[in-house]
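Given only the sequences and the hints, what does the whole structure look like? Please build it.
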Amino acid sequence: MERIHTIVIIVFFSLMEPISAETLPYKVPNKLAVETFQTEEDHDFLKGFREKKIPLLIRKTLGTEHDFVAAWLRENTAELNDYQLTIKIMQRGVHVTEDQFGWLKKEVDICAEILGLQKVPHVFVIGDTSMTADVVNFHDPMILLSSDLIEKSNLIALRFAIGQQMGHILCDHVFFKMLFSGGFDSIQIILGKWVRSLIESFIGKISNLILVDWTLAREISADRAGLIACQDLQVARQTMINFKLAIDVNKVKINPKDYLKQAKIVQAKRNVIYQKLPDAARKSIERWERSNQLASDQPFMFLRFHALAEFSESELYQGLWKE
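Note that the numbering used here has the sequence shown beginning at 23, numbered continuously upward.
Hints are computed from structural coordinates only; laboratory data are not their basis. All of these numbers come straight from a predicted model, not from anything done at the bench. Possibly wrong hints are sitting among the right ones.
List of simulated lysine-lysine pairs, DSSO-like, C-alpha gap at most 30 Å [as the list claims (entries may be wrong)]:
1. 141 - 128
2. 110 - 215
3. 266 - 128
So the derived label-pair ranges between C-beta atoms look like this [to be verified]:
4. 268 - 295: 52 to 62 Å
5. 283 - 161: 20 to 30 Å
6. 341 - 131: 17 to 27 Å
7. 66 - 267: 26 to 36 Å
8. 65 - 222: 22 to 32 Å
9. 73 - 273: 41 to 51 Å
10. 279 - 122: 34 to 44 Å
11. 46 - 225: 34 to 44 Å
Even for Gly, the Cβ is constructed at its ideal location relative to N, Cα and C.
In structure tokens, the structure reads:
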């Protein structure tokens, strides 16, 4: 996140001009609710953590009337966390406004309209030579789009990427992603090292395997929001692959069907191994497979492909476009 490339300045100026003068057609869903695209597993995990109570003894030590850990952390860390990240973003990126990146601002507004986002988040183009999109700040969210992603995408691919990040905002993922990825700096500054250690211990009791399950559920929720924004399953799946490989969407069209064949190669090797292993070793392999996804920038791609196709054929998705 801290890399700054001087060559990106040139890219910024070239990207000030619109990719296309035309606005792609789009439809606004009827009565879109977050529950339409948020997976049940995602919702249940977040609900369960929001209901985690601060032990009475610790609550007295902290001198707080808050009953719940998540609410207490939000209140005490949100503004400082946002302030710290905002400074870093301002040093590295360019704010998307009507006067600079006006065409991109229009796409952001369109995605917000499609997904029913009441407050359009700030968007920044960040100098980076990798195709990435992210959202930071759980109090006042900011969407970050890398200059490489902007340069190598077309409008509909950008709608998918922007829609994904808005999905994270609407599902309230930003705070919990920060918390479970070890973002405790603001906690220590405000509440001290002892409280930070306490929270780390509390978070540490959540199994990595549970976090893996939530990571998959969370990304599927965001993919669904991206699909609703771009409204084209083929484009959404192609875009996911292009982003993973950092390949120009306009120059290389990846065939999702061929890409999915890779999963069969992996499955065939897995089957050979499983036949030779005892039950205990199989369980160890399963834990390794799942935990390995936490280190991936684009986790669970094959599973997400299938999940997105299922969602596109569901009554929930199809019902969005009915009069």
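Do the hints match the structure? See the list:
no. : hint                  : in the structure
1   : 141 - 128             : holds, 14 Å
2   : 110 - 215             : holds, 23 Å
3   : 266 - 128             : holds, 25 Å
4   : 268 - 295: 52 to 62 Å : violated, 31 Å
5   : 283 - 161: 20 to 30 Å : violated, 44 Å
6   : 341 - 131: 17 to 27 Å : holds, 25 Å
7   : 66 - 267: 26 to 36 Å  : holds, 33 Å
8   : 65 - 222: 22 to 32 Å  : holds, 26 Å
9   : 73 - 273: 41 to 51 Å  : holds, 48 Å
10  : 279 - 122: 34 to 44 Å : holds, 40 Å
11  : 46 - 225: 34 to 44 Å  : holds, 42 Å
Hints 4 and 5 from the earlier list are contradicted by this structure; the remaining hints agree with it.
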